[in-house]
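Asks: Single-letter residue listing:
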Amino acid sequence: MTETTVTPERPLVVEEGDVKPGFIGQSVPRKEDKRLVQGEGVFFDDVKRHEMGYVHFVRSPYAHARIKSVDVSKALELDGVYGTLTGDEVAILTDPFFELSTPPGANIKDYALAVGRVRHVGDPVAAVVARTRELARDAAELVEVEYEPLPHVLDGEESLKDEVVLHEDAGSNTVWSGVFDWGDFDAALVDADHVVRIERLHFDRFSSTPLECSGCLVEYNRGTGQWTIHGNHQMPGVGAIWMAPALRVGIDKLRFVSQDIGGGFGNKITLHPQYTACCLLARKLNRPVQWTEWRTDQHTANTHGNERTFLDVTVPVKADGTMLGFSVRAIDDCGAFPRYEPLGCIIWAQVTPGCYRWRNVRVDFTQVCTNKSPVAPNRGYSRMQHLWLTERIVDIVAGELGLDPIEVRKKNYVKHEEFPYETPNGCIYDSGDYARCLDIALDLVGYDSLEEKRREAESRGKLFGIGIGSTLDSGTNNFGQSMILNPELQFSGNNEVATVKLDIFGEIVVTLGTVPQGQGHETTASQVVAEILGCTPDEVNVRAGHDTYWNSTAGFSGTYASQFAVTGLGAVKGATEKLAGEMRQLAAAVFGCSPDDIELVESQARIKGNPEAALPFMALGAILNANNAGLPTDLDVTLNVRHVYRPPFEKPDLERKYGNLTLTYATQIHACALEIDAETGVYEIVDYAAVDDCGNRIHPQIVEGQVHGATAQALGAATHEIFTYDEEGNLLTPNFYDYHVPHALDMPPMKTGFIESTSPFTPLGAKGMGEGGGAGIHAVCAALQNALGRRGEGPIVWRSCNPYESVWDLLQKPEETRKLVSVESR
Amino acid sequence: MKVSGERDFQAPRETVWQVLNDPAQMAKTMPGVESFDIQDDRHWRAHVKIPLGLGGLRMSIDFEKMEEREPEFAKLHAKGNGVGAVLNMDTSFNLSEAGDGTNMKWEAEVHLLGPVASMGQRVLQPIVNQQVSHVLGALDKQVQEAKAG
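So the sequences go chain by chain: A and B. For the first sequence, this note's numbering begins at 1 and goes up steadily by one. For the second sequence, this note's numbering begins at 1 and goes up steadily by one.
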């Protein structure tokens with residue numbers, strides 16, 4: 001054992017056997033922690049090169065303006081400035097990045113730097129490279145840019161009017177629009193005893209915040225024409241698909257390397273514009289260049305989460321509280337450039353009915369550009385917004401009809417015995433027990449004594465409320481869903497790669513295709529390998545990080561979309577099983593027996609029932625690699641194997657927008673109890689429970705860490721994290737001074753619980769769960785709603801983010817939001 | 001941001017008008033002016049260092065007189081460029097006789113763009129108030145000097 005991570009005394013509700021045999025399911029010491037805790041991690045900014053230059057981007061102060069001129073001459077005169085790059089150069093040297101949308105979005109031209117026009121505050125118009133980071137920043141201030149201001153649009157609904165058009169080539173601000181219609185919503189309306197209508201709900205703009213900002217060190221090899229990018233891109237395979245055609249080179253000319261990454265959360269999926277600018281600079285200046293993003297730049301101009309407005313929500317309900325489905329008009333604001341969009345226009349459909357048995361769903365979805373920062377797949381991407389909607393529907397309907405939101409949930413949840421459950425749009429929910437998870441969560445927050453707590457709080461002048469968030473973390477994408485948006489796209493399925501080898505000294509070496517950012521891939525991969533090979537995780541060396549040149553990557557390699565436990569470990573499992581087979585073959589050749597007679601135990605290959613006839617792994621490695629004379633000529637063994645895991649996906653039915661869009665569905669049921677000061681709107685979360693079901697847990701402590709992180713993300717988003725713009729398009733929350741990310745001390749008392757519903761579709765019965773589903777966002781909204789008013793009274797919590805001043809507004813003018821909801825009873 | 005106010009000067013309206021329309025005298029009222037160039041009677045440019053929080057914001061500001069009705073009304077547009085900030089301001093004043101003195105009603109609409117606007121919003125209003133107070137005080141001084149001849 002090396003240094004250990006101590007497993008804390010756990011408040012978990014253990015539903016399955018306490019101790020499992022083997023290494024899978026154990027909280028073994030994390031391999032990554034020693035170097036990270038001791039400050040020995042290697043992040044991209046730790047990588048330096050001789051004579052390298054530092055990049056600083058010159059950014060637009062305007063939300064929308066024509067660029068009349070860019071003059072870099074004064075910057076170039078400064079001693080120590082190595083060079084510059086402007087939009088005019090970019091337009092000559094590169095092609096626009098590939099767009100995923102059909103027209104009009106397909107016609108948008110997106111370059112590494114602004115060409116001809118800026119479209120949001122912070123849009124990069126030029127880049128300066130200098131001897132030091134500070135000098136580059138100073139020199140950037142000498143770049144003179146003349147702008148002609150243009151009218152701007154900051155609101156998604158206003159943008160739909162096309163009175164101000166951001167992209168002339170597209171001719172419209174609409175990126176993509178379409179209607180999704182499953183079941184028979186009109187018939188459901190006829191069948192309903194009540195129809196509840198919600199005029200407007202709004203999911204606010206925020207972003208999960210990585211500790212490490214974005215950046216890269218780029219080297220250009222003039223001899224081979226290849227770039228090496230030491231960076232923190234979390235989806236390099238797709239990054240290369242964007243960058244290589246734009247740079248007019250082959251994919252193999254781009255080598256992505258990373259060791260440690262300080263969090264990603266989706267913010268680091270769309271770094272191709274900045275990376276392309278750095279590639280051009282490295283080539284132009286014939287020197288390595290490094291770009292390290294400032295926090296203010298990250299908040300202002302990298303990526304935000306999608307902002308979404310839900311209009312005209314209509315919910316048919318039976319008298320007993322059974323909901324038959326819903327219809328909604330959704331307007332998604334993707335900011336100035338689509339980048340990874342319009343994938344968010346379909347990703348939500350992975351969880352179309354949320355946790356519920358709703359069969360009739362109609363969604364009219366439109367995505368528009370506005371003069372704000374572009375968006376990217378922020379943790380819980382697109383599903384989080386949609387699941388917040390489904391949860392708001394449940395609580396508002398329950399509130400208006402005088403029903404218990406707990407009972408309404410249980411009545412409408414997909415039942416445990418119905419799994420695998422096919423949703424109205426063809427997604428297969430693999431396994432789960434939502435009602436059981438809800439019961440655990442309620443138990444953890446002492447739901448039985450709820451009224452007593454309410455009375456006690458009210459005696460202190462506080463308003464007490466409790467709320468539930470039920471969400472799903474759908475993991476392992478079927479990229480075929482992109483074809484529902486654009487049938488011409490040639491993406492479907494998914495894949496991930498691992499290689500495993502037994503080296504000359506018996507060392508087991510694992511290489512992953514993923515790009516870990518703190519998820520413990522080295523540890524969990526070693527658990528799987530050790531379990532299969534009959535050794536210990538300490539004997540398994542998992543290479544840290546990612547390198548395109550390791551030959552262990554595929555088209556979709558990366559770390560995103562809650563999938564490592566399925567795709568990454570599926571690849572590891574496949575490769576290790578192949579290696580185990582080869583090791584048995586080799587041992588059998590040495591012993592002169594059948595491979596079936598060989599077992600792998602205690603780091604040895606030995607004949608079953610005869611522990612004396614054993615070859616240590618070191619002997620196997622040495623025989624094959626260094627002492628192989630005399631081995632049978634037909635022994636096809638390399639002890640170095642590669643496996644590509646491909647999830648079992650079909651292409652979706654494009655006409656019906658129907659098909660299985662993801663492989664696994666982890667459950668999160670959160671319960672939040674809070675107290676509001678009725679005089680000020682200030683509220684405090686006084687009790688909190690998060691119950692998770694991600695199938696078989698490979699490493700419970702890592703799972704719990706993800707649950708804590710996802711909860712912190714959700715609570716920040718629910719209570720104060722919001723990107724606010726002024727009327728000029730200035731971001732008013734551009735850094736930690738105004739944008740508060742929860743600290744450890746901001747977290748409420750938190751209890752966690754779990755169950756394990758084995759996934760029938762994955763190699764290890766596990767499900768991805770790294771994103772969480774944003775359950776906490778809704779749990780807070782529902783608790784606020786519960787505290788602010790009872791049936792048919794009090795305000796309606798209609799936004800996802802409710803800072804204290806918003807709650808005060810709700811308290812002061814309840815009628816303003818109450819009119820958002822109406823009920824038609826028959 | 002819109003700011004407006006009113007000020008009485010113990011001087012004839014013509015004197016106040018003269019000060020307000022003389023770029024050289026106006027330059028003396030502005031905080032942090034490092035240089036001042038008069039291009040013609042309607043256009044002038046100032047290089048200023050505006051005190052802002054812990055540091056100073058250097059800006060080059062172009063003024064253009066848009067409208068005038070002597071001796072009672074004038075309207076100016078100012079456009080400033082600085083590191084991390086772009087300033088656009090429309091300002092106007094109305095002068096009326098008030099006994100022996102002059103009453104000035106003024107208003108300004110200030111638009112600030114760029115990182116300074118993003119990060120400085122919470123401190124901007126008190127700084128603007130402080131600077132306006134400073135300008136009006138200096139203006140009063142200029143008017144009194146002009147009156148004294």
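Derived by calculation from the structure, the hints in this document are not laboratory data. Incorrect hints may have been included.
What the hints assert, rightly or not - Straight-line Cα separation of at most 27 Å, DSSO-like style, residue types lysine-lysine; simulated pairs: (1) A/Lys68 - B/Lys79; (2) B/Lys49 - B/Lys28; (3) B/Lys28 - B/Lys2; (4) A/Lys74 - A/Lys410; (5) A/Lys462 - A/Lys813; (6) A/Lys74 - B/Lys49; (7) A/Lys318 - A/Lys109; (8) A/Lys253 - A/Lys284; (9) A/Lys751 - A/Lys411; (10) A/Lys48 - A/Lys318; (11) B/Lys28 - A/Lys68; (12) A/Lys74 - B/Lys28.
Unchecked claim - Which residues of chain A face chain B? A partial, calculated answer using Cβ under 10 Å: (13) His194; (14) Val195; (15) Cys593; (16) Ser594; (17) Asp726.
Please read these numbers as outputs of a predicted model, since none were measured by experiment. We put the beta carbon where it would ideally sit given N, CA and C, even for glycine.
Asks: Each hint should be assessed against the structure and marked as holding or not.
Replies: For each hint, the structure was consulted:
no.: 1; hint: A/Lys68 - B/Lys79; result: holds, 16 Å
no.: 2; hint: B/Lys49 - B/Lys28; result: holds, 14 Å
no.: 3; hint: B/Lys28 - B/Lys2; result: holds, 24 Å
no.: 4; hint: A/Lys74 - A/Lys410; result: violated, 68 Å
no.: 5; hint: A/Lys462 - A/Lys813; result: holds, 18 Å
no.: 6; hint: A/Lys74 - B/Lys49; result: holds, 20 Å
no.: 7; hint: A/Lys318 - A/Lys109; result: violated, 49 Å
no.: 8; hint: A/Lys253 - A/Lys284; result: holds, 16 Å
no.: 9; hint: A/Lys751 - A/Lys411; result: holds, 25 Å
no.: 10; hint: A/Lys48 - A/Lys318; result: violated, 65 Å
no.: 11; hint: B/Lys28 - A/Lys68; result: violated, 33 Å
no.: 12; hint: A/Lys74 - B/Lys28; result: violated, 30 Å
no.: 13; hint: His194; result: violated, 46 Å
no.: 14; hint: Val195; result: violated, 44 Å
no.: 15; hint: Cys593; result: violated, 73 Å
no.: 16; hint: Ser594; result: violated, 72 Å
no.: 17; hint: Asp726; result: holds, 7 Å
Of the numbered hints stated above, those contradicted by the structure are hints 4, 7, 10, 11, 12, 13, 14, 15, 16, listed in ascending order.
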